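S.K.: One letter stands for each residue in the lines below.
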Amino acid sequence: MSDERKRSTVETAAVAAPDAVAGRRFGATTMQDAGVVTVVAIIVLLLPLFIPSFVSSLVTKIMIYGLFATSLNIIWGYANIPSFGHAAFFGAGAYTAAILVIKLGITSFWLGLLVAIVVSAAIAAILGIPAFRVFGVGAGAVNPIYFLLATIAFGELLSRVAITIRPVTGGSTGLSGVPKAHIGFGSALSEKQFYYLVFVLGVICLFLMYRILSSHYGYALRGIHDNEKRMQALGYNTWLYKYTSWIIAGVFGGIAGVLFCYFGSSVIPSQFAMATSDISFLLVILGGTTVFFGPLVGSIFYVGIEYVVSIYLPARWPLIFGGLIVIAIMATPWSRQRYQGLGPGVLLLWRWLGRAVPRLWRREIAEAPSPKRGV
Amino acid sequence: MSQALVTGLNGLSYAFILFLLAAGFSLTFGVMGVLNLAHGALYMLGAYIGLQVIASVHQFWAAVVVAAIALAIVGYALYWFFLKKLYNKVPQQGVLTIGVSLIIANVVLWIWGPISHTMMSPRGLTGAVHVGSLGFPIYRLFVVGIGVLVLALLWYMQDRTRVGAIIRAGMDNRDMTVSLGINYGLVSTCVFLLGMALAGVAGVIGAPITGAYPSMGDNLLLLTLIVVVVGGTGYIQGTMLGALVIGMLDTFGKAYIPSVALFFSWIVFLAVLLLRPSGLIGRKVF
Numbered sequence: 000m001s002d003e004r005k006r007s008t009v010e011t012a013a014v015a016a017p018d019a020v021a022g023r024r025f026g027a028t029t030m031q032d033a034g035v036v037t038v039v040a041i042i043v044l045l046l047p048l049f050i051p052s053f054v055s056s057l058v059t060k061i062m063i064y065g066l067f068a069t070s071l072n073i074i075w076g077y078a079n080i081p082s083f084g085h086a087a088f089f090g091a092g093a094y095t096a097a098i099l100v101i102k103l104g105i106t107s108f109w110l111g112l113l114v115a116i117v118v119s120a121a122i123a124a125i126l127g128i129p130a131f132r133v134f135g136v137g138a139g140a141v142n143p144i145y146f147l148l149a150t151i152a153f154g155e156l157l158s159r160v161a162i163t164i165r166p167v168t169g170g171s172t173g174l175s176g177v178p179k180a181h182i183g184f185g186s187a188l189s190e191k192q193f194y195y196l197v198f199v200l201g202v203i204c205l206f207l208m209y210r211i212l213s214s215h216y217g218y219a220l221r222g223i224h225d226n227e228k229r230m231q232a233l234g235y236n237t238w239l240y241k242y243t244s245w246i247i248a249g250v251f252g253g254i255a256g257v258l259f260c261y262f263g264s265s266v267i268p269s270q271f272a273m274a275t276s277d278i279s280f281l282l283v284i285l286g287g288t289t290v291f292f293g294p295l296v297g298s299i300f301y302v303g304i305e306y307v308v309s310i311y312l313p314a315r316w317p318l319i320f321g322g323l324i325v326i327a328i329m330a331t332p333w334s335r336q337r338y339q340g341l342g343p344g345v346l347l348l349w350r351w352l353g354r355a356v357p358r359l360w361r362r363e364i365a366e367a368p369s370p371k372r373g374v
Numbered sequence: 000m001s002q003a004l005v006t007g008l009n010g011l012s013y014a015f016i017l018f019l020l021a022a023g024f025s026l027t028f029g030v031m032g033v034l035n036l037a038h039g040a041l042y043m044l045g046a047y048i049g050l051q052v053i054a055s056v057h058q059f060w061a062a063v064v065v066a067a068i069a070l071a072i073v074g075y076a077l078y079w080f081f082l083k084k085l086y087n088k089v090p091q092q093g094v095l096t097i098g099v100s101l102i103i104a105n106v107v108l109w110i111w112g113p114i115s116h117t118m119m120s121p122r123g124l125t126g127a128v129h130v131g132s133l134g135f136p137i138y139r140l141f142v143v144g145i146g147v148l149v150l151a152l153l154w155y156m157q158d159r160t161r162v163g164a165i166i167r168a169g170m171d172n173r174d175m176t177v178s179l180g181i182n183y184g185l186v187s188t189c190v191f192l193l194g195m196a197l198a199g200v201a202g203v204i205g206a207p208i209t210g211a212y213p214s215m216g217d218n219l220l221l222l223t224l225i226v227v228v229v230g231g232t233g234y235i236q237g238t239m240l241g242a243l244v245i246g247m248l249d250t251f252g253k254a255y256i257p258s259v260a261l262f263f264s265w266i267v268f269l270a271v272l273l274l275r276p277s278g279l280i281g282r283k284v285f
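If you're matching them up, the sequences are chains A and B in order. Residue numbering for the first sequence follows numbering that gives the first Met the number 0, beginning at 0 and increasing consecutively. Residue numbering for the second sequence follows numbering that gives the first Met the number 0, beginning at 0 and increasing consecutively.
Please keep in mind that the hints were generated in silico from the structure rather than gathered at the bench. All values reported here derive from a predicted model rather than from experimental measurement. Every residue gets a Cβ at the ideal spot worked out from N, C-alpha and C, and that includes glycine. A few of these clues could be false.
[As the list claims (entries may be wrong)] Quick list of simulated restraints, FRET-style, between CB atoms:
{"#": "1", "chain 1": "B", "residue 1": "A164", "chain 2": "A", "residue 2": "Q231", "range": "33 to 41 Å"}
{"#": "2", "chain 1": "A", "residue 1": "W316", "chain 2": "B", "residue 2": "L261", "range": "25 to 33 Å"}
{"#": "3", "chain 1": "B", "residue 1": "A164", "chain 2": "A", "residue 2": "Y338", "range": "39 to 47 Å"}
Here chain A stands alone, though its shape is the one from the complex (with noise of 0.2 Å):
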């Protein structure tokens, strides 16, 4: 049932979208991709062997805020949903895993994340009935322009409330003193274990989002995107399907805020502001809306920039950041859906490099029978 179900969803939305399913914009995923993927995997999880902490928290702080930008790349790039409020799902989920531990004691890393998950994701059921009624049906892609105030409206007033309500959230500086994560072996994570943790749920998240955009439900949204009033016409409805994308991301980025208020061990209200989801939407820009790949790419470049502005010039850093923004959104071939980001480029290099080195290989050893090609 499902798979055949599964083959008429690529089939209509191959007659709504033809260029997203045919892979055309996302890049079909090939055995070479898959390669990339394991040799980051193994690089990642070797990594805290050969380098000092400091690069390894920023290593973690890379996954975090990729698994933050990739949440919001399902609802930006799949379903054509730009919102500028992210943040709000961050500091939900931040929040909830803070006020856990230091107000009610409950130290158990899991039952916060679970609790997080179901607190970000009714936050987002709860925004996305009025953001959805201005998204308009059909049209509504044409002019987004209202769901993109009051997607930044919401991340203000949670923050908002942040400050307000003092005696949970504690008021304009929040909580800081969040202790290191208890996974239930014994006692608290070390950094190092930390990083696993992250790593691990990381791949989780990735993996399942992977899924979801790989189902039919992910084909239906590119078809949304590509073409939304012909999605309905063949009987989707399709502010249902941009109505739970909507829950994904924001459960998926509650997640990667309860990791960060770990990882911080402080949570401020400016984390449901639109300072964090400026860095979410950079993160987007630059690795490229069409690649799933893309945000995670973006990551390790804000972070390492942000890295060495706040080693040489820390009071310059929202001008740096402003700049950032400024370059990624000028640079970008909007028109090129393919070379969007830099997301596509490392694909691409990596595509290159697969065809060249082999055959320099052969080239070398030209005697020598020639080599198997490599998966």
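Following the hints, position chain B against chain A.
M.R.: Structure of chain B alone, referenced to chain A:
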């Protein structure tokens, strides 16, 4: 009761500052199709330029004129170098202008420092008008007067002039308007400059009321967005109504129930989104 009247005047003057801001914002969006989220930062820049001019030449009106012209130039540069290349890409425009507002805020912080500046009301507009036992600050009355003047001018322009007719036609169908031989580019550029200049005027006139500090841009941008969503885009009456509702709610809330005042405007905002997504008086833009 008597206190309520004074609070009412405060609310009214606040509402007119919000109106000046939101009118500029919704004009640039309605006419140019440009989502300018740097509007709050530009307002702040206007306030600081005004402060600088007043500090050096001690002329309030000179400050208003200089800030208006300076912002028109800055805004047009923003349009010419960046936004023009992102025509019809609203989310990208939004992201870009957020970046620009971060840059403006940091440059202002760099030049003028993190301290909050207060601007004195100009000479001749200090003091209060006394009616019985009540004192109405003259400056607030002055702000209301300027606001009413701008409202009347914009309203007249929208409903009674050729420019207004072109703007309305362009909002409905830009391509059709252009194909009728109307130089829509020129008209929309002029209106864009007007919107930017309004942000500068609002910055200088509002500075004695809202103060001037580097993070004010975000706060005012947010209020502007709420006003635009509540009032709706496309009609000057809608913007005015939105500004009036939000300005009054905010001022009365802060005067009487300060602990939850913050949320009054949000409740209205959410209610409008749910019940009347195109705003109280607005074109159905989607």
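S.K.: Would you mind marking each hint as holding or not holding in the structure?
M.R.: Hint check:
no.	hint	verdict
1	B:A164 x A:Q231: 33 to 41 Å	holds, 35 Å
2	A:W316 x B:L261: 25 to 33 Å	holds, 28 Å
3	B:A164 x A:Y338: 39 to 47 Å	holds, 43 Å
Every hint from the earlier list agrees with this structure, and none is contradicted.
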